[in-house]
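Participant: For reference, the chains in residue letters:
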Amino acid sequence: DAKTTQPPSMDCAEGRAANLPCNHSTISGNEYVYWYRQIHSQGPQYIIHGLKNNETNEMASLIITEDRKSSTLILPHATLRDTAVYYCIVRAPRGATNKLIFGTGTLLAVQP
Amino acid sequence: EAQVTQNPRYLITVTGKKLTVTCSQNMNHEYMSWYRQDPGLGLRQIYYSMNVEVTDKGDVPEGYKVSRKEKRNFPLILESPSPNQTSLYFCASSATGGYSNQPQHFGDGTRLSIL
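In order, the protein sequences belong to chains A and B. Taking this note's numbering, I'd label the letters of the first sequence as residues 1 to 112. Taking this note's numbering, I'd label the letters of the second sequence as residues 1001 to 1115.
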């Protein structure tokens, strides 16, 4: 799975959009970009994933650059409950284990 | 509501006393998995199951057992718990496993303390 690089921490004002970047310059053609988040000691929560097109769901939007070497997760109106560690994971659909490997992620602190 | 349910959420017990952590999902998912999370080590996969009666070892299976007799349930069994199994445990499921792009959905976690 391709290596990802995320900033260790970010701040965002409540009500504003939070834009979380992720670099994955070695991504392969069949690798998907997944975003999860983990609020302190709770279970990781799936947010969104995509291959090459931009994706949107009720939680967030995922913008993937045309060369697929980086992506941005957008939380359109951040709330205090969005304070969490956000993980960008790049992986291909292969291997029976289907295990996820979480890096160090980005700690997003939403400020009132 | 679609969810993965783990029980108990918290457990303090003693070395050698057998325990079971239950995991149940209501999404008719084929794939289920157990992870443990420890400070500085991230999430590590213990066991996984591709479907009923199909289970396999993950990266850290020693000291654990699992079973998958029904699609919705995937209990984690510690036959003789030891203090090094003190950890935060997560169960996860996805619609399909293996060669799939389906995301995994996690339970709220079980914090085990083995004295």
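Misleading hints may appear alongside valid ones.
Claimed, not checked - Looking from chain B toward chain A, a few residues come up when the C-beta cut is under 8 Å (computed):
id	residue
1	G1016
2	Y1031
3	Q1045
4	G1058
5	Y1064
6	L1088
7	F1090
8	G1098
9	S1100
10	N1101
11	P1103
12	F1106
13	G1109
Said to hold, decoys possible - DMTMM-like, lysine to aspartate or glutamate: derived pairs with alpha carbons at most 20 Å apart:
id	chain 1	residue 1	chain 2	residue 2
14	A	K99	B	D1038
15	B	K1065	B	E1053
16	A	K69	B	D1038
17	B	K1069	B	E1030
18	B	K1069	B	D1056
19	A	K69	A	E31
20	A	K99	B	D1108
21	A	K69	A	E55
22	A	K99	B	E1030
23	B	K1017	B	E1030
24	B	K1071	B	D1038
25	B	K1065	B	E1079
26	A	K99	A	D82
27	B	K1017	B	E1062
28	B	K1018	B	E1079
29	A	K99	B	E1079
30	A	K52	A	E31
31	A	K99	B	D1056
32	B	K1017	B	E1079
33	A	K99	B	E1062
Keep in mind the hints are simulated off the structure, nothing from the lab. Beta carbons: idealized from backbone N, C-alpha and C, even for Gly.
Participant: If a hint holds in the structure, say so; if it doesn't, say that too.
Facilitator: Comparing the hints with the structure gives:
The closest approach between the C-beta of B:G1016 and any C-beta of chain A is roughly 27 Å, which is over the 8 Å cut-off, so the hint fails. Below 8 Å, beta-carbon pairs count as interface contacts, and B:Y1031 has one with chain A at about 6 Å; its hint therefore holds. Hint status for B:Q1045: holds, given a least beta-carbon distance of 4 Å to chain A, under 8 Å. For the restraint placing B:G1058 at the interface with chain A, the shortest Cβ-Cβ distance is roughly 6 Å, inside the 8 Å limit, so the hint holds.
The beta carbon of B:Y1064 is not positioned within 8 Å of any beta carbon in chain A (closest approach about 15 Å), and the interface hint is therefore violated. The beta carbon of B:L1088 comes within 6 Å of a beta carbon in chain A, closer than 8 Å, and the hint placing it at the interface holds. Interface restraint check: B:F1090 against chain A, minimum CB-CB distance 5 Å, threshold 8 Å, status holds. Interface restraint check for B:G1098: the shortest CB-CB distance to chain A comes to about 4 Å, inside 8 Å, so the restraint holds.
A distance limit of 8 Å between C-beta atoms decides the matter here; for B:S1100 the minimum to chain A is near 5 Å, and the interface restraint holds. For B:N1101, the interface hint holds, the least distance from its beta-carbon to any beta-carbon of chain A being 5 Å, beneath 8 Å. Evaluation of the B:P1103 hint against chain A yields a held restraint, the C-beta minimum of about 4 Å falling below 8 Å. The restraint placing B:F1106 at the interface with chain A holds, with a minimum CB-CB distance near 4 Å, inside the 8 Å limit.
A cut of 8 Å between beta carbons decides the hint on B:G1109: the least distance to chain A is about 5 Å, and the hint holds. Between A:K99 and B:D1038, the direct Cα distance comes to roughly 16 Å. Compliance with the 20 Å bound is thereby established for this hinted pair. Pair hint B:K1065 plus B:E1053 holds up; C-alpha atoms about 13 Å apart against a cutoff of 20 Å. Annotation: proposed proximity of A:K69 to B:D1038 is violated, straight-line Cα distance about 30 Å (limit 20 Å).
Restraint check: the Cα-Cα separation between B:K1069 and B:E1030 comes to about 12 Å, which is no more than 20 Å; the hinted pair holds. Taken as a hint, the B:K1069 and B:D1056 pair is honoured in the structure, with Cα atoms around 14 Å apart against an allowance of 20 Å. Using a Cα cut-off of 20 Å, the hinted pair A:K69 and A:E31 holds, with the two alpha carbons roughly 11 Å apart. Straight-line distance between C-alpha atoms of A:K99 and B:D1108 comes to about 18 Å, which keeps the hinted pair within the 20 Å bound.
Between the alpha carbons of A:K69 and A:E55 the distance comes to roughly 16 Å, so the proposed pair stays at or under 20 Å and holds. With a C-alpha separation of about 14 Å, the suggested pair A:K99 and B:E1030 falls inside the 20 Å cut-off, and the hint holds. Distance check on the hinted pair: B:K1017 and B:E1030 sit about 31 Å apart at the alpha-carbon level, beyond 20 Å; violated. Using a Cα cut-off of 20 Å, the hinted pair B:K1071 and B:D1038 is violated, with the two alpha carbons roughly 28 Å apart.
A C-alpha spacing of about 8 Å is found between B:K1065 and B:E1079, which places the hinted pair at or below 20 Å, so the restraint holds. Between A:K99 and A:D82 the alpha-carbon distance is near 25 Å, which puts this suggested pair outside the 20 Å criterion. Distance hint between B:K1017 and B:E1062 is fulfilled; the C-alpha atoms sit about 16 Å from each other, no more than 20 Å. Of the pairs offered as hints, the one joining B:K1018 and B:E1079 holds, with about 5 Å between alpha carbons and a cut-off of 20 Å not exceeded.
The hinted pair formed by A:K99 and B:E1079 fails the criterion: a straight-line CA distance of about 24 Å is larger than 20 Å. Straight-line distance between C-alpha atoms of A:K52 and A:E31 comes to about 9 Å, which keeps the hinted pair within the 20 Å bound. Of the supplied pair hints, the one linking A:K99 and B:D1056 holds, its CA atoms being roughly 12 Å apart against a limit of 20 Å. Our distance criterion of 20 Å between C-alpha atoms is met by B:K1017 and B:E1079, whose separation comes to about 7 Å.
Simply put, A:K99 and B:E1062 have alpha-carbon atoms about 17 Å apart, close enough for the 20 Å limit, and the pair holds.
In this structure, the hints that do not hold are numbers 1, 5, 16, 23, 24, 26, 29, in rising order.
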